[in-house]
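> Hey, can you work out the whole structure from these sequences and the hints?
Read top to bottom, the protein sequences are chains A and B.
Residues 1 to 415 (full-length UniProt numbering) make up the first sequence, in order.
Residues 1 to 415 (full-length UniProt numbering) make up the second sequence, in order.
Calculated from the structure, these hints are not laboratory results.
Everything numeric in this text was worked out from a predicted model, so none of it was measured.
All the pointers check out, no bait thrown in.
Capping the alpha-carbon separation at 27 Å, the derived lysine-lysine pairs in DSS-like fashion look like this:
#1 A/K385 - A/K365
#2 A/K69 - B/K330
#3 A/K208 - B/K8
#4 A/K166 - A/K242
#5 A/K69 - B/K64
#6 A/K33 - B/K69
#7 B/K69 - A/K64
#8 A/K64 - B/K318
#9 A/K8 - B/K175
#10 B/K88 - B/K242
#11 A/K369 - A/K408
#12 B/K57 - A/K69
#13 B/K31 - A/K69
#14 A/K64 - B/K64
#15 B/K385 - B/K138
#16 B/K64 - B/K93
#17 A/K208 - A/K280
#18 B/K174 - A/K8
#19 A/K64 - B/K57
#20 A/K69 - A/K88
#21 B/K35 - A/K69
#22 B/K69 - A/K35
#23 A/K242 - A/K88
#24 B/K64 - A/K320
#25 B/K318 - A/K69
#26 B/K8 - A/K175
#27 A/K320 - B/K69
#28 A/K138 - A/K216
#29 B/K69 - A/K318
#30 A/K93 - A/K334
#31 A/K385 - A/K138
#32 B/K57 - B/K89
#33 A/K8 - B/K8
#34 A/K216 - B/K8
#35 B/K88 - A/K24
#36 A/K57 - B/K69
#37 A/K8 - B/K138
#38 B/K320 - A/K69
#39 B/K330 - B/K318
Number of protein chains: 2
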Amino acid sequence: MITSMAAKHAIWPQEEDMIFNLSKRAQICEKEKGKENVINATIGALMDDEGNLITLKSVYDEYKNLDNKQIAAYAQIAGQSDYIEAVKKACFKEFMPNSSIRVVASPGGSGSIKLAVFNYTENQETILVPDWYWGPYKIICEEINRNITNYELFNKEGNFNFESFKKQFMDLSKKQDRIFSIFNTPAHNPTGYTVSDEEWDKILNLCKQTVKDTNKKITLFVDVAYIDFSGKGANDTRRFFKKFENLPENILIIIGFSMSKGYTAYGMRSGACLCVSSNKDIADEFYYSCSHSARANWSNCNRGAMELLTRIINDEEKLKRYEDEKNSYKSVLKERAKAFVDEARDIGLDILPYRDGFFVSIPCKNPIKVCEKAIESNLYTIPLKMGVRFAVCAVNKEKCKIAPRILKEAIDLVD
Amino acid sequence: MITSMAAKHAIWPQEEDMIFNLSKRAQICEKEKGKENVINATIGALMDDEGNLITLKSVYDEYKNLDNKQIAAYAQIAGQSDYIEAVKKACFKEFMPNSSIRVVASPGGSGSIKLAVFNYTENQETILVPDWYWGPYKIICEEINRNITNYELFNKEGNFNFESFKKQFMDLSKKQDRIFSIFNTPAHNPTGYTVSDEEWDKILNLCKQTVKDTNKKITLFVDVAYIDFSGKGANDTRRFFKKFENLPENILIIIGFSMSKGYTAYGMRSGACLCVSSNKDIADEFYYSCSHSARANWSNCNRGAMELLTRIINDEEKLKRYEDEKNSYKSVLKERAKAFVDEARDIGLDILPYRDGFFVSIPCKNPIKVCEKAIESNLYTIPLKMGVRFAVCAVNKEKCKIAPRILKEAIDLVD
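Following this line, the structure appears as structure tokens:
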């Protein structure tokens, strides 16, 4: 009797998704004990104060108005040309680098990471990510036989640990000619950290130094999934894009754009991969490499979502309506995060430096135990390798104020 | 100066998609000369008699009625559980094999092919497809370093060339323990051929013989993208599913399901990969292998499309409305194809054996020249390796009757 048909590389532990499991447990608890008595901080999507998914009216009114044909038709492999232009505007706004930029559509931000990792690393190479990172980066890498190595994201002052980054970067550059590093900024998942403009300067200077050895090829992947919920206005967390102008040709910037969070369009699976290069040929190569991968992985992407973004971005009135509505929820998010962060400070709960975004992370030694302990007080969070993740995006302000104490007690008890 | 940053395996010829190019040329010609004077048979989607994309009202009324949340929310990695059940019903109807069946959602049928090829072949292995095959099979394979070998699809009588299939199959089984073969049936793209039930018996008997050597692992991938536009009723081209019951454990059937054609939902990118095995462990392994790939390639799929299928399939009235509407277009398709096939026979144009589906293929020696010659008479088709493809799905009956003569003249002149 045989018990396996899959190829060697395709066999993985048969585990259910932990986030999904905890979400389900939280929902069951909400039904049993009443929503008002449960804090469900497991969900990575923006929820209203009652715990219902927020869907921007300015987005869905537009979507429902699309002609059926605009939803039904196949899109081009790399995305409709007007979508490509809309993505550039939506992503860079006033800070479009004066560089060669090419864009290939992808199913959400995840698809863009896949395109970049597959096409800009060789088999068995190692990719550099911080020690606090979004779990699927590892899944994307291990699926195609790439490894991950970590640097410490934070120094003692709670800023970007450039020294640790530099050390791992230099070590890697001794082993490989090709360096591929993923930055999830602004509003990092899971910590809410944003790399500052000065920190970007240091990172880019290190890259420039390194590529003086012309055998070196550096790809920086910038995952901006949360950009539209970061910063004070639309601009202060976009200025860094301008730093990608005039880089040496052997530094390639790839930006992972997603409609999921910014447009509350998670389920539509619409995003894109944008490259920024000072060399047109390298940008063109990116377009053809990623287009081949698109064809070979999912063929083409959600056409209706492309039409939707195009219409919003290219119509001043619609754009304003969207921005206003989105920004109202951004304010809600900021208030919630402030409630959590302030209370954590007041009661002495140690949290990671939060700037922006959907999540706050709390470092601890035994994340699973801490999670389970907090569940006894009806608080559901997600255990990570080095802490637990609390989704301020999904929990109202009152509950955000209550949660730190539960977590503090759980950590004091079991950690 | 460097001119390349992509990894070695990621560099491809920088070509625009030929189908897209010819489509564009046809559209320009339609604008210049009037739609009524141009035959645009390049498009792989069902068009009305005026050349406009058909979108089923029974599908899009339902879609537009979905609550925003049902479109906006993330889906589970493998697909919502009710979608998974709906896919099984939509795919098998009355002919669900009494076997272990697991399902993983995919972006369209293309995504399901990717999942199957990646997880059920080893690096550098060779995959068996007929000489007439849908081009992207090769792109999916070459992207991940798999090769393709061909058998002759047709024998002299215009039936499935079992002898050629058997020869290539046996040759391959001497070189590899693992055999992976793709069948695009019913209503094969690009020829419109459907493997008969008797031909399936022969294929499956050969597989059963081969796996008596227990080192052998055979995966048959059945791409049923066109199934809902095949056969006389809903049943006659689904009976073969029952033959997948009780196969030896080292024969795995994977079915590629797509909403694209059957539900005129091309742009939604919704499909699934279904496995049929007589061993529960092997089916479970399929689920986890494909789920890992899903997470690592596109994360999750279009949630609204899942809700849509679920609602249509689980509501008798909605299902009937959908079936009636879809079948009315199936009749139109059959009439068009008949007009083309009858005229071809009458004027002596040699075409490949058409049974069903969106395309008819015309064998010739110089497909590109024949295409270009036909364009001089305002007929746009797609050149393949061994002939040209005419999309009866996209051209009205009158034009379907005119086209064979133009193609005959083009072939007589340049081939």
